[in-house]
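Number of protein chains: 2
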Amino acid sequence: MSTPTPPTPPTSPNANIMEAIVSLSKRRGFIYQASEIYGGIRGFWDYGPLGVLLKNNIRDWWWKCMVECPPIGPDGHPVDIVGLDSAIIQHPKTWEASGHVAGFNDPMVDDIGVSRYRADHLYGLCPGLPNGTRGEVREAGGTDPGLPMPIATVLASSAGEAAEFFTGDKKTQKLFGIKSLERVAGGFQGQVKGRDFSGTVICLYQPEFKGLFNKFPSPSTGEVGKLTEPRAFNLMLDTYPGPIRDEANKAYLRPETAQGIFLNYKNVLDTTRVKVPFGVAQIGKSFRNEVTPRNYIFRSREFEQMEMEFFCPPDDALMWYEFWRNERMKWWLSLGIRPENLKFRDHDSDELAHYSKACVDVEYLYPFTAPDFGELEGIAHRGSYDLTQHSTHSGTKLDYFDQELQLKLKESGASPEDVKSKSRYIPNVIEPASGLTRAVLVLLCEAYRYDESRPSKEYLAFKPQFAPVKAGIFPLVQKDGMPEVAEKLYLDLRKHFTVEYDPKQSIGKRYARMDEVGTPFSFTIDGETAKDQTVTVRHRDSQLQERIGIANVKAFLSAKLGE
Amino acid sequence: MSTPTPPTPPTSPNANIMEAIVSLSKRRGFIYQASEIYGGIRGFWDYGPLGVLLKNNIRDWWWKCMVECPPIGPDGHPVDIVGLDSAIIQHPKTWEASGHVAGFNDPMVDDIGVSRYRADHLYGLCPGLPNGTRGEVREAGGTDPGLPMPIATVLASSAGEAAEFFTGDKKTQKLFGIKSLERVAGGFQGQVKGRDFSGTVICLYQPEFKGLFNKFPSPSTGEVGKLTEPRAFNLMLDTYPGPIRDEANKAYLRPETAQGIFLNYKNVLDTTRVKVPFGVAQIGKSFRNEVTPRNYIFRSREFEQMEMEFFCPPDDALMWYEFWRNERMKWWLSLGIRPENLKFRDHDSDELAHYSKACVDVEYLYPFTAPDFGELEGIAHRGSYDLTQHSTHSGTKLDYFDQELQLKLKESGASPEDVKSKSRYIPNVIEPASGLTRAVLVLLCEAYRYDESRPSKEYLAFKPQFAPVKAGIFPLVQKDGMPEVAEKLYLDLRKHFTVEYDPKQSIGKRYARMDEVGTPFSFTIDGETAKDQTVTVRHRDSQLQERIGIANVKAFLSAKLGE
Chain A
1030 MSTPTPPTPP TSPNANIMEA IVSLSKRRGF IYQASEIYGG IRGFWDYGPL
1080 GVLLKNNIRD WWWKCMVECP PIGPDGHPVD IVGLDSAIIQ HPKTWEASGH
1130 VAGFNDPMVD DIGVSRYRAD HLYGLCPGLP NGTRGEVREA GGTDPGLPMP
1180 IATVLASSAG EAAEFFTGDK KTQKLFGIKS LERVAGGFQG QVKGRDFSGT
1230 VICLYQPEFK GLFNKFPSPS TGEVGKLTEP RAFNLMLDTY PGPIRDEANK
1280 AYLRPETAQG IFLNYKNVLD TTRVKVPFGV AQIGKSFRNE VTPRNYIFRS
1330 REFEQMEMEF FCPPDDALMW YEFWRNERMK WWLSLGIRPE NLKFRDHDSD
1380 ELAHYSKACV DVEYLYPFTA PDFGELEGIA HRGSYDLTQH STHSGTKLDY
1430 FDQELQLKLK ESGASPEDVK SKSRYIPNVI EPASGLTRAV LVLLCEAYRY
1480 DESRPSKEYL AFKPQFAPVK AGIFPLVQKD GMPEVAEKLY LDLRKHFTVE
1530 YDPKQSIGKR YARMDEVGTP FSFTIDGETA KDQTVTVRHR DSQLQERIGI
1580 ANVKAFLSAK LGE
Chain B
1030 MSTPTPPTPP TSPNANIMEA IVSLSKRRGF IYQASEIYGG IRGFWDYGPL
1080 GVLLKNNIRD WWWKCMVECP PIGPDGHPVD IVGLDSAIIQ HPKTWEASGH
1130 VAGFNDPMVD DIGVSRYRAD HLYGLCPGLP NGTRGEVREA GGTDPGLPMP
1180 IATVLASSAG EAAEFFTGDK KTQKLFGIKS LERVAGGFQG QVKGRDFSGT
1230 VICLYQPEFK GLFNKFPSPS TGEVGKLTEP RAFNLMLDTY PGPIRDEANK
1280 AYLRPETAQG IFLNYKNVLD TTRVKVPFGV AQIGKSFRNE VTPRNYIFRS
1330 REFEQMEMEF FCPPDDALMW YEFWRNERMK WWLSLGIRPE NLKFRDHDSD
1380 ELAHYSKACV DVEYLYPFTA PDFGELEGIA HRGSYDLTQH STHSGTKLDY
1430 FDQELQLKLK ESGASPEDVK SKSRYIPNVI EPASGLTRAV LVLLCEAYRY
1480 DESRPSKEYL AFKPQFAPVK AGIFPLVQKD GMPEVAEKLY LDLRKHFTVE
1530 YDPKQSIGKR YARMDEVGTP FSFTIDGETA KDQTVTVRHR DSQLQERIGI
1580 ANVKAFLSAK LGE
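Sequences listed follow chains A and B, in order. Position one of the first sequence corresponds to residue 1030 (the working numbering), numbered consecutively onward. Position one of the second sequence corresponds to residue 1030 (the working numbering), numbered consecutively onward.
Treat the hints with care, since some could be wrong.
As the list makes no split between identical chains, a pair holds if one copy fits it or if it spans any two.
List time: in silico DSBU-like cross-link candidates among lysine-lysine, alpha-carbon distance up to 35 Å [what the hints assert, rightly or not]:
id, residue 1, residue 2
1, Lys1314, Lys1304
2, Lys1426, Lys1314
3, Lys1255, Lys1451
4, Lys1426, Lys1239
5, Lys1437, Lys1279
6, Lys1508, Lys1122
7, Lys1386, Lys1437
8, Lys1517, Lys1093
9, Lys1055, Lys1093
10, Lys1093, Lys1583
11, Lys1560, Lys1533
12, Lys1372, Lys1524
13, Lys1538, Lys1239
14, Lys1517, Lys1255
15, Lys1279, Lys1517
16, Lys1449, Lys1538
17, Lys1122, Lys1426
18, Lys1372, Lys1560
19, Lys1524, Lys1449
20, Lys1538, Lys1244
21, Lys1589, Lys1439
22, Lys1583, Lys1533
23, Lys1508, Lys1239
24, Lys1449, Lys1508
25, Lys1524, Lys1279
26, Lys1314, Lys1295
27, Lys1055, Lys1244
28, Lys1386, Lys1439
29, Lys1386, Lys1508
30, Lys1517, Lys1122
Since the hints were derived computationally from the structure, they do not count as laboratory data.
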C-alpha cells in the first residue's frame, strides 16, 4: 500500500521541488526558521511538532539498529556496540589532538564592509572560451593585464548558485542580468548583461589567482578592489566556560560527536564487558560555523549527528570497513528510500586524509544537487589516527592487549616476538558518521509527492514506520455518540502509537490534512460503527477505503508498521 | 518484587552515600567526568553506556506522558500538547526580551590571581557569638576596626562546603585546621587552627559588608586584601555564529529550553490544529556558566531539560497551575521515587518574580542536602510575561482570539464590550520545568542500596521500567548447547527490550554485576533447559530464583515492566 513511487515534481525545475518542500514543512509544522519573529538567525532551524516526531523516529531507529539490535557480524554473532552521550563542550585539548584547531578551516574572503564568502564558493565567468578546461583558460590571456585570464564578472558566491546559474533558475539569472544561456561543448553561450557571451566558469580559489583577489569584482556590489585574499577561517564556535575569560579557558562547541567517543574509549573498555572489536554509538548536536550555510537544513550551523566508532584489530580493519559499508547502505534502504536515489561514492586516494586508508560516502539524489548526488553519510577507515593522537596529547596509554588474538597466534605457531608485538595494538577505527537532521531532509524529499487530482495537491508518502503520526482517529460527525467511540479508540491506541484525534472539520479536509503531514492511515467512526463495530480505514497513498472491525485496529496498525 | 525499600547507607554520613554513588556510577559506566584523559573540564559530564540508557528511559517516559499521552484535563478529555525541538542558539534578541541579558547573573568575587567565587557562597566564622542570628552579630562590634563584625576567617567557598564543615567531613576539617567542633545552641564550639573557638557562621553577601570585601581573608590562601567587591556575572555562555566577530553577531547558548517554545508559540498556533489551552513540550540541552558547579550532575554547566509551556486563558491560569502541580508530582512518583523523599515547596510571595503569580518547587531529599530537600522541578505561573516581552521586542502580535470563549460570554449575556475585551488576550503560561540530568541523579540516589551480605555489596533497585538493562540472558556454562539457546533467546528478546547477553564468568559474578547496574531480572539457561524448556529467573531485589518456561520469558518481562 505504501510502496514508494517516484516523486512527481510540481513543475519541472528541481529548485521548485525544494521550494515546495520548504513551504509544506513550514506550513504543516515540520521545520521553522529559528527565531523567526526576530527575523531569523542564519543557519539555525527549529523542528516543529511534526518535525520533532519525524526526527525522533529516525533517531530511535538508528539507536535500535546500532545499540539495541546491532547487526550480526561475520562470525554469526551480533557485534558489540554500546551507547554514549558525551558533553558538547569538552576540554580544548581534545580539538588540538584531533587536528580541528589547526586544520578545520574554510578559506574565507572578505568583501570589505559588505560580507564574507567562502573563497571556494566564488565562481567567475571566463568569456570567449568554448572549451572550458582549466589549462585552456589559463593560456587564453586576459583583457585586464593584471589577470592571467579574463574573469569578466564574479557571478556566483557558491557552487550552488553557480549550478543554478547554469541550470536556468530564473531569479539568479535576473540578478545577474542573464538573458539566455545554453550549455555548449563544455562551456556556455548566450547573453549576459545585454552582451553576447560564450565562455566557461571557473572557481576563483586556485593557486594561480593568489594575490589577485583585489582584481575581481565583488559578487554583491560589482565593485573591484574590495575582495581580500582568502584566509583560513576556523569552523568551530568557541565560548568561555568558567568565570575567567582568557585563552586558557577558551573551549569549543564540538564540530562532531566522534571525538567524545574517542575520549571515552578507555572508560568504556574499563567499565563495561566489551572487548575489541566493539563499537560506541552516539547521537547528538554538533556545531559548525559555516561561512555560508545553505540548502535548507542540509548545511546548517547547528545540526544533529549519529556517529558510531567501531574499534577493531588493525589486521581486520579492511574487513570491518566492508562490513559497515554494506550495513549502512542496508540501513538507509530500511528508511524506505528508493535504491536509485542512493549511491556509494568511494573517495579517490588523493581525497583521503593522510591517516585514512579508505572512505566512502553514501550519497543521495537531493533536489538541489540533481542530477548529481550529495553527501548523506561517510564511512571512513580512520586507522589508529584518533586514538594515537589522544594518547600522545593526553599521555594516556590507549593501546589494547588482545588476549584472544594472543591465543590464536600462539596456536598458529607464530614466533614469541610476533605473538608479543601483534597482540598489543592501538585499535583501528571504522566510522559510519551520518547526519540525523540530514536524514530528516532526505525523508522529506523522498516522501514528497505532487498530485493535482487530490484535494491536498501535495502529500508525504513516508514509510509508515517513520511517519510522525501513524493514524488519525476521526468521528465522521460530532453527534450520535461518534466522538465518544472515536475518543475511546484514540485513548487506547495512543498508548502504543503516536496517533491524533480530531473531531472537527469535514472528513475530506481532515483526510487532506493527513495526506499533507504524511499520516498513512485514518480511521473513521461513522453511522455503521454503532451497528456492526466496524470503522473505515483510509489509506493515504491509494486513498482507498475499507472497513475493519474496531477491535482489530490495533493489530492492523501493528502489522502495517512492522512491514 | 521490585517495591522500593529505603536505602541503607554504607556508613552514616550523607556525604559518603554520594561518594559511593559517584564511584559506582563511574565504575559501571553510568557517568564519566568529561574529557577525563585531559584532566577533566569542570562542570561537564559524559553519560556512559548505562547512563545514556537510564537517561533515555526517563526522557522517553516524560515525552510519552507529555506529548503522546498527555493527562486527562478537568473537562474529562486529554489536554492538547505538542512537541518541539528548537535550536540551542537563537537570535540574541531572544535573551534581551526574556530578561536574561540584563538579569541572569550571579554575584561574583575575584580572589585576585587565584580564583573566583560566588559571593553568596562565601561563609565566614564569627567567633564569640553563641546565638547566631544576624542582628546579634552586627551588634557585637569587631576586633578589626574596619569591620562591623569579627569575621575571623573565611572558611568555606560555598554553602556545600559550609555544610560539610559543620556536619563533620574529615577532609574539609583538615583543610581548615579544625580539630573539633560541635553544634551548641545555634552556634558551634571547638578548636579551629589550634585555637579555641565558639561562634557562628554567616554568609558574606550581605548589604552591611558592602565595601569591606578587601578586609576578608581569601578562602584559598588566607591572604587579606585579595578579594574584590561582588559584581554581577552573567551566566549565559556566548559565542559568535557567522563569519564576523562583533557585538551584533554575539549569540548565547540557551540557558533554558523554554524561550525556544515562546518564540514558536505563534508558529505552533498557525501550523497545527491546537487551540488555547494547549501545551508545547521540549527536551534538550541547556548551558549555564555556573561560577562554581557542584554536587556532581546536580549543578553542571551543560545539562538537559524537560520543559513544557502550557498556554491558557488568563482567567483559568490558577486552575491550570493547580492541575500541573498535581500532575507533575504524580509523574515523579511514577518513576518509583518514594513519596517521603519528595515534597512541594511553595515560593513565598517575596521570592516570586514580579510577573509571577505563583511558583512551587518539587523538591527531593538529595544525600547532599539532607536533612533538607533540594530543587528538582519548578512549576511556575508566569502570567503573560514571556509572550508580552517577545511581542514587544519583536513587534509581532502574539495575542489570541478565543472563539469559544466569545461564544460562551455571549451566551452568558455579557455586555458587547466585555465580550470583545475578554475574548482577545495574551495567554497566560503555566510552566513545569525540570532537569532530565537531575532526574538521572535522583533515580541513582533513589535506587542506591548497600547490603554487606551480597557479593556485590551495592546494588541499584531501579523500578524495572527505568532500569538501563531490563534483563541479563546467561548460559550457565559455555557448553552443552547452552550458549546457543541463550543467544537465541537474547536475539528474540532484544527486539522488544534492552537486554544483555553474557556467556562468560561464573554465574555468581554475572548476577553480582547485574545487581550493581540495576538489572531487575536475569534469565539463566542451564542443564534443565534442554530437558523441560524452562529457565531460571533471578530477581535482583530479593535475589530469589524461580523457574519459568522459556516460551514465557517475553510475556513475563512485559508484565513486570508494565507494573
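Consistency of the hints with the structure:
1. Lys1314 x Lys1304: For lysine 1314 and lysine 1304, both the intra-copy (28 Å) and inter-copy (31 Å) Cα distances are at most 35 Å.
2. Lys1426 x Lys1314: both (29 Å within a copy, 32 Å between copies)
3. Lys1255 x Lys1451: neither (59 Å within a copy, 58 Å between copies)
4. Lys1426 x Lys1239: neither (44 Å within a copy, 51 Å between copies)
5. Lys1437 x Lys1279: neither (48 Å within a copy, 58 Å between copies)
6. Lys1508 x Lys1122: Classified as neither: same-chain Cα gap 67 Å, cross-chain 48 Å, threshold 35 Å.
7. Lys1386 x Lys1437: This pair counts as within: shortest intra-copy Cα distance 26 Å, inter-copy 72 Å.
8. Lys1517 x Lys1093: both (31 Å within a copy, 18 Å between copies)
9. Lys1055 x Lys1093: both (29 Å within a copy, 25 Å between copies)
10. Lys1093 x Lys1583: both (22 Å within a copy, 18 Å between copies)
11. Lys1560 x Lys1533: Cα proximity of lysine 1560 and lysine 1533: one copy only (23 Å, versus 60 Å across).
12. Lys1372 x Lys1524: For lysine 1372 and lysine 1524, only the inter-copy Cα distance (29 Å) is at most 35 Å; the intra-copy one is 38 Å.
13. Lys1538 x Lys1239: neither (60 Å within a copy, 67 Å between copies)
14. Lys1517 x Lys1255: neither (68 Å within a copy, 69 Å between copies)
15. Lys1279 x Lys1517: For lysine 1279 and lysine 1517, neither the intra-copy (56 Å) nor the inter-copy (51 Å) Cα distance is at most 35 Å.
16. Lys1449 x Lys1538: between (73 Å within a copy, 30 Å between copies)
17. Lys1122 x Lys1426: Cα proximity of lysine 1122 and lysine 1426: one copy only (16 Å, versus 47 Å across).
18. Lys1372 x Lys1560: Result: close neither inside a copy nor across copies, 53 Å intra and 51 Å inter.
19. Lys1524 x Lys1449: Intra 57 Å, inter 41 Å, cutoff 35 Å: neither.
20. Lys1538 x Lys1244: So lysine 1538 and lysine 1244 fail the 35 Å test inside a copy (59 Å) and across (74 Å) alike.
21. Lys1589 x Lys1439: So lysine 1589 and lysine 1439 fail the 35 Å test inside a copy (53 Å) and across (47 Å) alike.
22. Lys1583 x Lys1533: Answer is within: at 23 Å inside a copy they meet the 35 Å cutoff, but 41 Å across does not.
23. Lys1508 x Lys1239: neither (76 Å within a copy, 70 Å between copies)
24. Lys1449 x Lys1508: between (81 Å within a copy, 30 Å between copies)
25. Lys1524 x Lys1279: neither (46 Å within a copy, 44 Å between copies)
26. Lys1314 x Lys1295: both (23 Å within a copy, 25 Å between copies)
27. Lys1055 x Lys1244: So lysine 1055 and lysine 1244 fail the 35 Å test inside a copy (42 Å) and across (60 Å) alike.
28. Lys1386 x Lys1439: Only inside one copy: lysine 1386 and lysine 1439 sit 29 Å apart there, 75 Å across copies, limit 35 Å.
29. Lys1386 x Lys1508: neither (68 Å within a copy, 40 Å between copies)
30. Lys1517 x Lys1122: The answer is neither: 57 Å in one copy and 45 Å across copies each exceed 35 Å.
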